[in-house]
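J.: Here are the chains, one letter per residue:
Number of protein chains: 2
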Amino acid sequence: MKMYGNWRSAAAFRVRIALNLKGIAYEETFIDLDAGDQLKPEFLAINPQGAVPALFDGEGPPLTQSLAILDYLEETHPGTPLLPADPRERARARSLAQVVACDTHPLYVPRVRTYVMETYGVPRETMLGFVRHWFGRGLATLETRLTQEPGTGRFAQGDFISHADLCLVSLWIGTGIFGVETQAYPTVRRIAEECLTLDAIAKAHPLRQPGAPKP
Amino acid sequence: MKMYGNWRSAAAFRVRIALNLKGIAYEETFIDLDAGDQLKPEFLAINPQGAVPALFDGEGPPLTQSLAILDYLEETHPGTPLLPADPRERARARSLAQVVACDTHPLYVPRVRTYVMETYGVPRETMLGFVRHWFGRGLATLETRLTQEPGTGRFAQGDFISHADLCLVSLWIGTGIFGVETQAYPTVRRIAEECLTLDAIAKAHPLRQPGAPKP
Chain A
13 MKMYGNWRSA AAFRVRIALN LKGIAYEETF IDLDAGDQLK PEFLAINPQG AVPALFDGEG
73 PPLTQSLAIL DYLEETHPGT PLLPADPRER ARARSLAQVV ACDTHPLYVP RVRTYVMETY
133 GVPRETMLGF VRHWFGRGLA TLETRLTQEP GTGRFAQGDF ISHADLCLVS LWIGTGIFGV
193 ETQAYPTVRR IAEECLTLDA IAKAHPLRQP GAPKP
Chain B
13 MKMYGNWRSA AAFRVRIALN LKGIAYEETF IDLDAGDQLK PEFLAINPQG AVPALFDGEG
73 PPLTQSLAIL DYLEETHPGT PLLPADPRER ARARSLAQVV ACDTHPLYVP RVRTYVMETY
133 GVPRETMLGF VRHWFGRGLA TLETRLTQEP GTGRFAQGDF ISHADLCLVS LWIGTGIFGV
193 ETQAYPTVRR IAEECLTLDA IAKAHPLRQP GAPKP
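Protein sequence lines, in the order shown, are assigned to chains A and B.
For the first sequence, my numbering begins at 13 and goes up steadily by one.
For the second sequence, my numbering begins at 13 and goes up steadily by one.
So here's chain A without its partners, still in its complex pose (with noise of 0.2 Å):
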């Protein structure tokens, strides 16, 4: 497959585990998204709303959306589920990912950044507060409910690592690029030190793509 992604996108990072741990060969082109490349022509032919990642499997329309690629992979993939069998299983541990990719990480992209620095003039430390205070929340959230729900095990959901892991230590790994304050959620801390054991998630720690900052 060929992947246009970026090494900083939790997204694209998301989709790079789920790549690994299913033993897809891939081939990723790293879209330079502080120079507004996203935005050219060449990649809005390929995905219009100007977002990474896209993934290519073979010919054919892009697919786009880290979930939705989540789930055409476990579809046409099935081999290493990472979604468990069980209905009511499978429905918390997407509604686990959800709380990070759809109430958490838009909040904190580039394109809301920039729009609420150049809209209400906030200079770009201030701006931290702001991509901290959602952070926390959706920390907050995930801390509770995995120590609340009797689902959580070695992983989010169970034993088994699925969506919700590839979730959550995308966000995990933002705590450290943001310089988020972490000691309140122990339980994330666990499981996103779990994930990052697995060889599929620390190859495709943003860190060690290209473009990353040298360490």
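Hints may be right or wrong, so weigh each one.
[Stated by the list, open to error] Heads up, simulated SDA-like pairs for lysine to any residue below, C-alpha to C-alpha not over 20 Å straight-line:
no., chain 1, residue 1, chain 2, residue 2
1, B, K34, A, R100
2, A, K34, B, K34
3, A, K52, B, R100
[Stated by the list, open to error] If you want the ones that stay clear, here's a sample from chain A, every Cβ over 10 Å from chain B, calculated:
no., residue
4, M13
5, G188
6, E206
7, K215
Hints were generated in silico from the structure; no laboratory data involved.
We put the beta carbon where it would ideally sit given N, CA and C, even for glycine.
With chain A held as given, fit chain B onto it using these hints.
T.: Below, chain B alone, put in the same frame as chain A:
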């Protein structure tokens, strides 16, 4: 089934439509979001995120996050499918749904509007500019994709209603509530109006629920 929702919630609207289309009997309890009832301990015990919808299917933990609920209903009630059978078509329907449910709707929910108004001293009237901006981005993405991509038919994906339409019509209804300009989006309008001719959708309309303002 038993649902906790709200007349105005776009996410609750999507779930009501799916329940109606699949012929699943349900009762809805309407949470007063303006009074902050979603943040009271009784409701936080149901959904620690303090968000609607939450759906109970018999005994057992509540289902949360509208897209996760839609997939659960699809898996447990496959009659009247709301996703196509082909994986690529399913992925496109889900991707269009997520343009709304991940990248548009979460940006204008009450918790975000309140945060921006309080943090940056933005008056309520100016806040509408923020809301309309993100509506416009979402609507423009849908319009471009629906006109350029060959998958569009009578509905957003082909000639049968899918999750893409449930999300599209839930966004469309909001354009009236928030006074969003819509003339640049004729294809979105055509599909939304097609949806609203269906009794299952008309019955689920926000303005027909208890608590909605009288016309």
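J.: Look at each hint and say if it fits the structure.
T.: Quick rundown of the hints versus the structure:
1. Proposed proximity of B:K34 and A:R100 is supported: the alpha carbons are some 18 Å apart, at most 20 Å.
2. With a C-alpha separation of about 33 Å, the suggested pairing of A:K34 with B:K34 is violated against the 20 Å cut-off.
3. Annotation: proposed proximity of A:K52 to B:R100 is violated, straight-line Cα distance about 26 Å (limit 20 Å).
4. Its beta-carbon lying about 13 Å from the closest one in chain B, A:M13 satisfies the requirement of being farther than 10 Å from that chain.
5. For A:G188, the condition that its CB be more than 10 Å from all CB atoms of chain B holds, with the nearest at approximately 23 Å.
6. The beta carbon of A:E206 sits about 22 Å from the closest Cβ of chain B, which is more than 10 Å, so the claim that it is off the interface holds.
7. Under the 10 Å C-beta cut-off, the non-interface status given to A:K215 relative to chain B holds; the minimum distance is some 24 Å.
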